[in-house]
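Engineer: Going down the list, the protein sequences come from chains D and E.
Counting from 1, one number per residue, gives the positions in the first sequence under this note's numbering.
Counting from 1, one number per residue, gives the positions in the second sequence under this note's numbering.
Just so you know, not all the hints are guaranteed correct.
Said to hold, decoys possible - With a straight-line Cα cutoff of 25 Å, these simulated SDA-like cross-link-like pairs (lysine to any residue) come out:
1. E:LYS342 / D:ARG100
2. E:LYS412 / E:ARG326
3. E:LYS324 / D:ILE115
4. E:LYS342 / D:GLY396
5. E:LYS51 / D:GLN272
If you're looking for bench data, these hints aren't it; they were derived computationally from the structure.
A quick note: this is a predicted structure, and the numbers were derived from the prediction, not measured.
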Amino acid sequence: MNHPPDTMNAEDLIKALIEIVGPEWVLHEPEETRAYASDALTAYREIPKVVVLPNGEEEIVAIVNICQQRQIPIVPRGAGTGLSGGARPIREGIVLSLARMNRILALDPEAAIAILEPGVRNLAISEAASPHGLFYAPDPSSQIACTIGGNVNENAGGVHCLKYGLTLHNVLQVRGILSSGEVFECGGQAPDSPGLDLLPLLIGSEGMLMIVTEVTVRLLPRPTHAKVVMASFDSIETCAHAVAAIISSCLIPAGLEMMDQAATRAVEDFIQAGYDCEAAAILLVESDGSMTEVDEEIAQIKEILLLNGSRSLVVSETEEERQRIWSGRKNAFPAAGRVAPEYYCMDGTVPRRQMAPLLAHIAQLEKHYGLRCMNVFHAGDGNMHPLILFDGKIIGEWARAEAFGNAILEKCIELGGTVTGEHGVGVEKLDSLCVQFTDAEREVFHRLKEVFDPLRILNPDKGIPSLRRCVEHGRKRVAASDFQSTHLEHF
Amino acid sequence: MKPLERMLRREDAEELLSRCVQCGFCNATCPTYLATGHELEGPRGRIGLIKSMVEGHEVSAKTQLHLDQCLTCLNCESSCPSGVEYRRIIDIGRAWMKDRIPRGIAALLPRIILSKMMAHPRVLGLGFRVGRWFKYLLPSAFRPYLQLPRRLSLDPSPATETLRTVLLLKGCVQRHLAPAINQALRDLLRKLGYRVIEIGPADCCGAVGHHLGESETAKAQARKTVKALSPYLLEASLKGDQAPIIMMTSSACGLMLQDFEALYQNDPEMAEAVRQIHQWTLDPVELIERHAPEISDRIDHERVKGLNLKIHEPCTFQHGMKLKGRLTGLFSSLGFKVSQGKASHLCCGAGGVYSLMNPLMAQSLREEKRRDLGLEGEANTIALTSNIGCMLHLDSKGDVVHWIEFLQGVFKEGRG
Chain D
1 MNHPPDTMNA EDLIKALIEI VGPEWVLHEP EETRAYASDA LTAYREIPKV VVLPNGEEEI
61 VAIVNICQQR QIPIVPRGAG TGLSGGARPI REGIVLSLAR MNRILALDPE AAIAILEPGV
121 RNLAISEAAS PHGLFYAPDP SSQIACTIGG NVNENAGGVH CLKYGLTLHN VLQVRGILSS
181 GEVFECGGQA PDSPGLDLLP LLIGSEGMLM IVTEVTVRLL PRPTHAKVVM ASFDSIETCA
241 HAVAAIISSC LIPAGLEMMD QAATRAVEDF IQAGYDCEAA AILLVESDGS MTEVDEEIAQ
301 IKEILLLNGS RSLVVSETEE ERQRIWSGRK NAFPAAGRVA PEYYCMDGTV PRRQMAPLLA
361 HIAQLEKHYG LRCMNVFHAG DGNMHPLILF DGKIIGEWAR AEAFGNAILE KCIELGGTVT
421 GEHGVGVEKL DSLCVQFTDA EREVFHRLKE VFDPLRILNP DKGIPSLRRC VEHGRKRVAA
481 SDFQSTHLEH F
Chain E
1 MKPLERMLRR EDAEELLSRC VQCGFCNATC PTYLATGHEL EGPRGRIGLI KSMVEGHEVS
61 AKTQLHLDQC LTCLNCESSC PSGVEYRRII DIGRAWMKDR IPRGIAALLP RIILSKMMAH
121 PRVLGLGFRV GRWFKYLLPS AFRPYLQLPR RLSLDPSPAT ETLRTVLLLK GCVQRHLAPA
181 INQALRDLLR KLGYRVIEIG PADCCGAVGH HLGESETAKA QARKTVKALS PYLLEASLKG
241 DQAPIIMMTS SACGLMLQDF EALYQNDPEM AEAVRQIHQW TLDPVELIER HAPEISDRID
301 HERVKGLNLK IHEPCTFQHG MKLKGRLTGL FSSLGFKVSQ GKASHLCCGA GGVYSLMNPL
361 MAQSLREEKR RDLGLEGEAN TIALTSNIGC MLHLDSKGDV VHWIEFLQGV FKEGRG
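Pulled out of the complex, with its shape left as it was, chain D reads as follows (with noise of 0.2 Å):
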């Protein structure tokens, strides 16, 4: 890290920040910045300097004021439910928690547009459109807690993205406060906007090109009927080739996921699903719509899955066994933590007819690692979430825990597919990074960075991996490559 030293001492900036948003809301005794140690991927933590909470854009520009002058690198937080480690703190930075502000400023039904601000809970903007008929689709796991300015910075997706997009297409216009404290507006509320459509590259950026004050939302009519249909089957490739056989039937299901015994079985514990907890693999397909337009296509659906292995099926009757069916899938993560006591969430990618390789190759890295694995995954876009647990109290675990991922990322990309799907980079995949990505596509990516943030104080060291950080992961995949031939078959 070449950050020139901290020209400020900590005091002055205690106090500095104190003014601007008063005492209460600056942390700074290790026992209370402990709590903004890590996002939900705690196995990375830094204590930081300071977390500052601020209630207002104004105050945003204030701090970043502050911070841009002495260069102080700022780590922005939404609920910290990230799995990526984007809101890891950096030891000599400060966090800025933006969970304050939380209010929607608009909701236009007319429009079907709401505006908010970035600690607006993904949850409470569906909830607040409901009246009126509609909803937001990115519905992310952890929806129920993450924020909007959390689903922006990491271009979250969820089990409806399929059929309805990811949050890029479905956020119309982001503001923003650069790392110079200038206010930066992209987008608009019209479907096309005049100049560079910048919007693209803003979200999903991980909070490393400026800070996100206000989110303007597209929202949906909600689908006056759904079902969702529970399919069992008795191999994981069974599974795997149904999806694609849904998939090249031309149907576009609003959500389908596969989840193995093992996530079932945790899960049931919980929520009571009622899934099948004796398949070894289960398949959830979601259709939305008019009443006949979800029959039909449930009708369809159905037939495919019989024909493709499906051992048993079930199809929800009522709204509220549909809630629950999807309740038991939005839970599965933390799930995990009832049979182990920590787990770490993969985010890797593969083209759909490459998932059934996949698990199979997850089942031998099992073996070789010596530790369980979880499968969840949004089996309709290709994107897997295996779980792999572990107990970080076990010396040597977690850094099994962690080569095992990396080894599971580095086969996604091996066969075609890419080392995160909706998680973000964060601290976690910069080693991925270095081989999905040539020196000269980094280089770009670096240069776009500077342009919003020549500082390099907006979340620093994230998301895009530096050139001496991949020539040192490229010696170790040499080594380890050698190792790991010796035990593993290729596919």
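With chain D's structure known, arrange chain E on it following the hints.
Structural biologist: Just chain E now, kept in the frame of chain D:
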């Protein structure tokens, strides 16, 4: 805490803490996190504070403050996919804290007075009387608890005792503020054919001391309650009778009774008694719902015409005893048109004695809850609840009522 106890507690704590994967889902349903956006005002942050305390890190009055501000509403337990037993973690944290950070006399005094008063029914009675005289000199947070008691004038129901025995604990606060609730339950149960024995002498079951982290006082009170119940449990088992049902009209006390087991887990002498108490304690809803068909025939629906009935399920009821939806279900099955607020999972701010200790947060939660229940503005709205604490805290001019008292009031005359 003695060194041995601390060691046992540390082991317990480590086991309990290892369940938390820090996903942060709990923050979304925590009233204090929602109000502040402050990580340390949410369960994940508080668990972190307790973890670092148990691990031996420095703690100060800041940790104490964040733990004090927890309502213990247990909403986090309902939303935790990993099955973290937050209530046990916060208990350990509070007990630990008590040793580490001594409170100033100003903070200590009300806690001691409150928990001691609860232990002595006479002193408590006197306290209420004196409190009523000086009502307007005391902080406004105390006022809900200083109203005149509501009593019913009932003819004794004829004894048609054919079913099981119900041991009805009198409760402490109830006796001085709303004896009508117990009267109504006694009457209702007798009409249904139960033999009701009231268990005095109206000591606190220990819940108040427990909430305040005064675990020794709580344990002493709990022990008294166990002692009062034991002869009946013993008698039933000697006679080979069906065990009596233990019941309280306040869900906070009911939960405390069920939690005796955790309080005495390292005490072999008490283990059997507290296990039985846990097993046989029922919330009145759990018993009355079994009789829904026969009761629904005897309800005078004319009397509730034009009333907009709302249900407020207390946290101890929905998150603590995990009975979410059951009070609403009972009233629907009795033929009433009832509904809950949109944010029915959130705490009203009463939180035992929380409203006395943290009046600002409690007041803002109260206002939100009243709005959510439609008590502000919508005419003829009555909210029904199952805990005296919530009832007194939320009530304004009699618009929040204990469901048992309400049900008793709409029973048709004539005895069957």
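Engineer: Does each hint hold? Answer for all of them.
Structural biologist: Structure-based check of all given hints:
1. The suggested pairing of LYS342 (chain E) with ARG100 (chain D) holds, with an alpha-carbon distance near 22 Å, which does not exceed 25 Å.
2. At roughly 24 Å between alpha-carbon atoms, LYS412 (chain E) and ARG326 (chain E) fall within 25 Å of each other, so this suggested pair holds.
3. Between the alpha carbons of LYS324 (chain E) and ILE115 (chain D) the distance comes to roughly 34 Å, so the proposed pair goes past 25 Å and is violated.
4. With a C-alpha separation of about 47 Å, the suggested pair LYS342 (chain E) and GLY396 (chain D) falls outside the 25 Å cut-off, and the hint is violated.
5. Restraint check for LYS51 (chain E) and GLN272 (chain D): not satisfied, since their Cα atoms lie roughly 30 Å apart, outside the 25 Å limit.
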